[in-house]
Amino acid sequence: KQEVTQIPAALSVPEGENLVLNCSFTDSAIYNLQWFRQDPGKGLTSLLLIQSSQREQTSGRLNASLDKSSGRSTLYIAASQPGDSATYLCAVRGSGNTPLVFGKGTRLSVIA
Amino acid sequence: DGGITQSPKYLFRKEGQNVTLSCEQNLNHDAMYWYRQDPGQGLRLIYYSQIVNDFQKGDIAEGYSVSREKKESFPLTVTSAQKNPTAFYLCASRGGQSSYEQYFGPGTRLTVT
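Residue numbers (my numbering), protein chains in the order written: chain F, 1 to 112; chain B, 1 to 113.
Note that these hints are calculated values from the structure, not bench results. One or more of the hints may lead you astray.
Taking lysine-lysine and the DSS-like style, the derived pairs with C-alpha atoms no more than 30 Å apart in a straight line are [unchecked claim]:
| id | chain 1 | residue 1 | chain 2 | residue 2 |
| --- | --- | --- | --- | --- |
| 1 | F | Lys-42 | B | Lys-57 |
| 2 | F | Lys-68 | F | Lys-1 |
| 3 | B | Lys-83 | F | Lys-42 |
| 4 | B | Lys-57 | F | Lys-68 |
| 5 | B | Lys-57 | F | Lys-104 |
| 6 | F | Lys-1 | B | Lys-83 |
| 7 | B | Lys-83 | F | Lys-104 |
| 8 | B | Lys-70 | F | Lys-42 |
| 9 | B | Lys-9 | F | Lys-104 |
| 10 | F | Lys-42 | F | Lys-104 |
| 11 | F | Lys-1 | B | Lys-57 |
Make a model of the complete structure from these sequences and hints.
Written as structure tokens, this is what we have:
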């Protein structure tokens, strides 16, 4: 059974710092991996989707990488801002028709 | 605007009552999902549907029921058999055409007293 782990559970950084969030998964046979952001009391917002054949995806200050063979993904946030404070969740899909399996998330606080 | 709507945002019920949470999408997605989120537990899958008139149990289906009579709609009923129904409920849908990107609604917070 696929398991997704995100470490650390919480992270606090000063504004302007570059940071990396980690995601690991136990079964490397994935279809894709998706990173989400969740603000308190809100739904999840999709940030980046990486297909299994891709190594990375970029959107603005965000860059997500995927190393399928080692079961790892990272989300790199450049020049962090207080508005980046949120919980970031990683999820993997085993095949096109199977549900996403989620990690428990990393709660990020960016201090001004 | 394309998206997923959930109503209401907050819902209060007395113990022993069934309650139905609404989820509607205009993204033309085939697959839809219901999740429950509790503090410290992460997201847990309740039910999902890949196509109209078909649905599958997720990890925590006991005490819940769903229907999928229309592509756009996937309502979730929390029955009186659900022992601890107070939670934040999230609906999602998944795109096709090989990307399979998943999108979420804004959520419904259910409080049962």
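(request) Verify the proposed pairing of B:Lys-83 with F:Lys-42, using a straight-line Cα cut of 30 Å. (result) holds, 24 Å
(message) For B:Lys-70 and F:Lys-42, compute the direct alpha-carbon distance and say whether it is at most 30 Å.
(response) Cα-Cα ~26 Å, so holds.
(message) So if I understand the rule, the pair passes when the alpha-carbon distance is 30 Å or less; does B:Lys-57 with F:Lys-104 pass?
(response) holds, 21 Å
(request) With a cut-off of 30 Å on the C-alpha distance, tell me whether B:Lys-83 and F:Lys-104 pass. (result) The hint holds at about 23 Å.
(message) Given the hinted pair B:Lys-57 and F:Lys-68, is their Cα-Cα distance within 30 Å?
(response) Satisfied, since the Cα-Cα distance of roughly 28 Å is no more than 30 Å.
(message) Hint check: F:Lys-42 vs F:Lys-104, CA-CA at most 30 Å. Holds or violated?
(response) holds, 16 Å
(request) Take a quick look at whether B:Lys-9 and F:Lys-104 sit within 30 Å of each other, Cα to Cα. (result) With a Cα-Cα distance of about 23 Å, the restraint between B:Lys-9 and F:Lys-104 holds, given a limit of 30 Å.
(message) So if I understand the rule, the pair passes when the alpha-carbon distance is 30 Å or less; does F:Lys-42 with B:Lys-57 pass?
(response) Holds, at roughly 25 Å.
(request) Would you mind confirming whether the straight-line C-alpha gap from F:Lys-1 to B:Lys-57 stays at or under 30 Å? (result) holds, 16 Å
(message) Check the hint pairing F:Lys-68 with F:Lys-1 against an upper bound of 30 Å on the C-alpha distance.
(response) This hinted pair holds, its Cα atoms lying about 16 Å apart.
(message) Need the status of pair F:Lys-1, B:Lys-83: alpha-carbon distance at most 30 Å?
(response) With Cα atoms ~26 Å apart, F:Lys-1 and B:Lys-83 stay inside 30 Å; holds.
Of the numbered hints listed earlier, not one is contradicted by the structure.
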